[in-house]
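Each chain sits in its own coordinate frame; assemble them with the hints.
So the sequences go chain by chain: V and F.
FYI, the numbering for the first sequence is 1 to 164, going by my numbering.
FYI, the numbering for the second sequence is 1001 to 1541, going by my numbering.
Do not rely on the hints blindly, as some may be mistaken.
[What the hints assert, rightly or not] In the DSBU-like style, the derived pairs of lysine-lysine whose C-alpha atoms are separated by at most 35 Å in a straight line are:
hint, chain 1, residue 1, chain 2, residue 2
1, F, K1277, V, K24
2, V, K162, F, K1071
3, V, K161, F, K1457
4, F, K1316, V, K16
5, F, K1412, V, K76
6, F, K1537, V, K153
7, F, K1277, V, K50
8, V, K151, F, K1277
9, V, K151, F, K1376
10, V, K104, F, K1537
11, V, K24, F, K1297
12, F, K1249, V, K50
13, F, K1023, V, K104
14, V, K151, F, K1386
Note that these hints are calculated values from the structure, not bench results.
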Amino acid sequence: MVQNLANSKLKERREKILRRYPPKRDSLLYILHDLQDLNPQNYLTSEDVKAVSEYLGISVGEVESVISFYSMFSRKPRGRYVIRFCSSPTCHLLEGPRVLEELKKLLGIEVGQTTGDGLFTLEMTSCLGACGVAPAMMINDEIYGNLTPFKVKEIIESYRKKGK
Amino acid sequence: MRLYRSHVLVGMDTFTLLAGARKVKEHLIRQIEKRGLSDEIKVLETGSLGITNRGVVLLIYPEGCYYVNVKPEDVPEIVEEHLLKGRTVQRLLFKGELERKAVALPESPLDVRRQSRVVLQNCGVIDPENIDEYIGRGGYEALERALFQMKPQEVIEQVKRSGLVGRGGAGFPTGLKWEISAKVASEEKYIICNADEGEPGTFKDRVIMEGDPHRVIEGMLLAGYAVGANKGFIYIRGEYALSIQRMEKAIKQAYEYNLLGSNILETNFSFDLEMRKGAGAYVCGEETALIESLEGKRGEPRNKPPYPGTCGLWGKPTVVNNVETLANIPSIIVKGADWFRSLGTKETPGTKLYTILGHVVNQGVIEVETGITLRKIIFDYGGGMKNGREFKAALVGGAAGCFLGKDMLDVKMDYTTLKSYKAVLGSGAVLVMDTSTCIVDMLRCILDFFKRESCGKCVPCRMGTDRLYRLIVDISSGKGTKDHPKLMLELAQMMNKASFCPLGQSVLLPLSSAFKYFEDEVMEHILDKRCPAGVCKMGEK
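Isolated chain F (complex conformation) (with noise of 0.2 Å):
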């Protein structure tokens, strides 16, 4: 292997490539030959380097230096002032302890110390379409330790000592879920990597499978060996075409290595991977919906129990996991299960994926340990609220989510306590937002979002989401009378009893933690027919 004296990496994300970072790594290219520094410099694409909204991002090792909104036009500075005369490009640094502090950076000393990255260890550091650069990484380790020293059993004790729970939202305990397939005798069973993400401001399985894709493969692997499944299909939203191309390429590297196909490392275990895509739907992100759409079909929820686990795809046991409680299989069979459970609270071990998003000075993907708090996330890692403004609240686990006010800024964001206070953590979206926000707006928003995708299998969340949708347009265009708040609540509560599945359930969360929050709020918009913060049209509709 060749030694380079300096690396320069090209972060390769949706919002880069947008931005022109093909261009870039281009130019850069070319100007590195034209320099004659070929042989000295390298230049390797990889996923999100963790910065986004701040166009092409670079990072360039050793020094570690990250340059954002890089131009093509920048290019030959950067060459000739960095690689060349080891000079760094001030006017183009990624700067300021906040702003490092803000998102998910590899390998910086302050970092390591705040941070620990066990999903994301691999993002913005390889090459996300190269699998030498995960084997590199310690990838597939895991695998070769699984299928040579331990049996199914043990891989299921592990993951099960290990604490870990689902990342998708529900937080059902992985290891339980794959000892009940497990234990099910059958000749065929399934193992289904949900990654529909679709729950409003969510896009942490994005970043992992644009950055690590064969962390995703190789944690199926050990989820099909474990339960003794041969066969795995990854369910992904039809709308993440970087993140089809770069699974798909792994999958036909995973092949070419004889780590997916027909014994695989020369042991009896076998296992075929397929991507299926979806076509827009966000009811199937629930796993049974996710199976009939999988199966060609409406993605209608089904009637639950039998649970997947049991009877699943094509009615055989099927475990869906999530693809960030996937990507963290391959380093609890490696370090250990206790080694997981140092991580974190006791209650719900490991890290968390969380999106920042709203008023907030940096918005990204952090990786940190469970049970950070609100303040915490919304202060040091988003950079503290945009424009100097006030806090409001916060929206917790997406449009399914909780609004948090600003006596919740110091509860720890994990699924046991947020539970204690009927909230929940949902996906791990924080929507964070300033005074200049009206509530009964948002509310308007997130219930628009209900109505529209609500699948129409069952009637309380058919004619629920739809009449839900009306009462607080009514509140929203001054139309309101005392007893909205309280109809709406009821109706709710119905949804959240009657209703076939957690979407129906589910919208009783946002509401009602609007209405607990913000009560004053709302009343003034139907008392007084005033919206405080002067979004709201009254009169309009």
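Bound-form chain V, shown alone (with noise of 0.2 Å):
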């Protein structure tokens, strides 16, 4: 009964974005960001994929293929923080692989992996254009610079007590 509930209402939602977007082919990357920021565990479910392709009138397929093409987008449950850890050369450069080894000390984790309590996914991530605070990384849609193992405990833990 709750679980009926709870889908009519994402229904609804998910409803809503559709109809902010002409039902043309070129809305399909907004509409699938949306989506995605719509669900807590930021990924794309099938019923949205079948949603999309009813809407835009393309086949299930097509709408698959363009999902897996992004890197920003994802098919499966990711944690409810996306860390993109910036793999470029200069981060490369400044010590980044140093930090990401701690990174994933601290999460317990390897890259592309979500942690047990479903907080933190850890990706690697080409170029994110701020270099001038090499080495850097995303968490969501927040960018974090001159990273040091030690300043990335301090990021970690705080968003461990933003999601208690």
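Structure, rendered in structure tokens:
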């Protein structure tokens, strides 16, 4: 019963997002961005894919192929906070790998995994354009720069507090 | 208009916001109010002041003095000492001649002589979220002149005569690009601003969009008028949150002033502008891949020809220009082609934005006339090598760029000169490395990047980037053989000829230049199983 209620509410919110954009193919990326942001687990569900394909009149396969192309989209559940660690040459040169090791130790996961409590997912990303403060990473929409093993610890702890 | 005795500019960019610029600004306003100075002193928000890595940055006029690493708790002292008593707060002052030269600072006598700020002339000077300030500094004057005094063909002629070439990396003449699209008869044409800045080590376009968004809009309007297009898109990478916010605000303001929309300035010219967000794919910086992505598809590059100029977005003539290129246009229209030609070198006139990064004292963006040498970039503007270490190499142009060794320090960094050395300027990123750097390790990082970002459409790039990565891992883990470098070069050469788009084609650049300048170091990894810089962990994979 509770599940049904939650489902119908989700469906309603999904419909609202769809109607925000004209039913044209070039709305696809925008709709996917918004649907993913709606999901606390930061991913696109099979229901999302189906709804988009019906709304835009394109096949499910087409939608899937677009999702799989872009690194910002995911079809698997992710943590509430998606950490995207920059792997560009600048960050690499300025001690990025050392900070990444510390980050993995702190979270107890490897790149591509999600922590057991569902809070964090660790991903690698290409240049974030924050080279002036390398090494850098992004957590959801926030950029963090001049990272050191110590600073990373502080940042993660602040998110842990927030996530509780 | 009220006259203020002092202006305090607070630099707001991604970096300073992180350091708490907003809080500092609030404290400033509160403290100034508290002391009853609100009538005399104005606090303004502006874009990047050109100083990165120094926390919150303030610029106070009329003195023109810069404060760095400003914390909220420093604010009472600044207000009390500087603004009330007229004494500078020495401990926060940004000083030192070398450092002053190192960043693109506006309006200091030294820098006017040393730099020509065209694209960045308003960055750090005006409030980017206020269209009146852009207009106050001569903004939209070029549009007015074009609409009322020039025919579209004259605009194209002027841009052609200026010798401006695309600043995104490929260096194609901008005027020619416009002319191609202008000549095609079509009801619909499009202007796309390529703001999908993804080349590793590059963030110049972000600085422009955060600091002077209206300049980009004006550039697009002029392009639209010249080629006869009525619709424009700004394709921006999804990660640039602040740029997206500022550009959207600027577009809204331009509509309110009838500088966008129908019958602009009561002429027959109409132009609509929309923002589009990318979703994380390096290859979308390639213009045809970008167009595919705009159409809501996978960002895979198209076959060329036909080029976008004749058959682009939805099959219509489309001009795709980089942010920096477009930001040059208003000045060219107002000041003329001859003025532009008087800057920089004869072959590629004008200015160029460079990002200086890595093992240098001052990291940041500079705008200087083309034709500057690598030595000047590093030692004059970058403040020299960090920690007094020796220069080893610079990676110029990002991951799809070239390693340049010591003997290239005095070569001019412009499109034509570098081409004659089989190198590229690309996006203008200069990543400086000292002797603690291992070239094999850097190559491994670069090849890993290409492997991840290859879109997979064509076989040479999809398979080639993967193979190259495995081969470099062999070398960096002590499992390389004598044949490895030769094999890698052959493979990269094949990819250069057979790949579908510049992504696969350009892997050859970093690879061949690294092998050329640092052959001994690579061979030491292979023959002696030793990493001279002590970076690669031999025996591990």
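Are any of the numbered hints broken by this structure? If so, which, sorted upward? 3, 5
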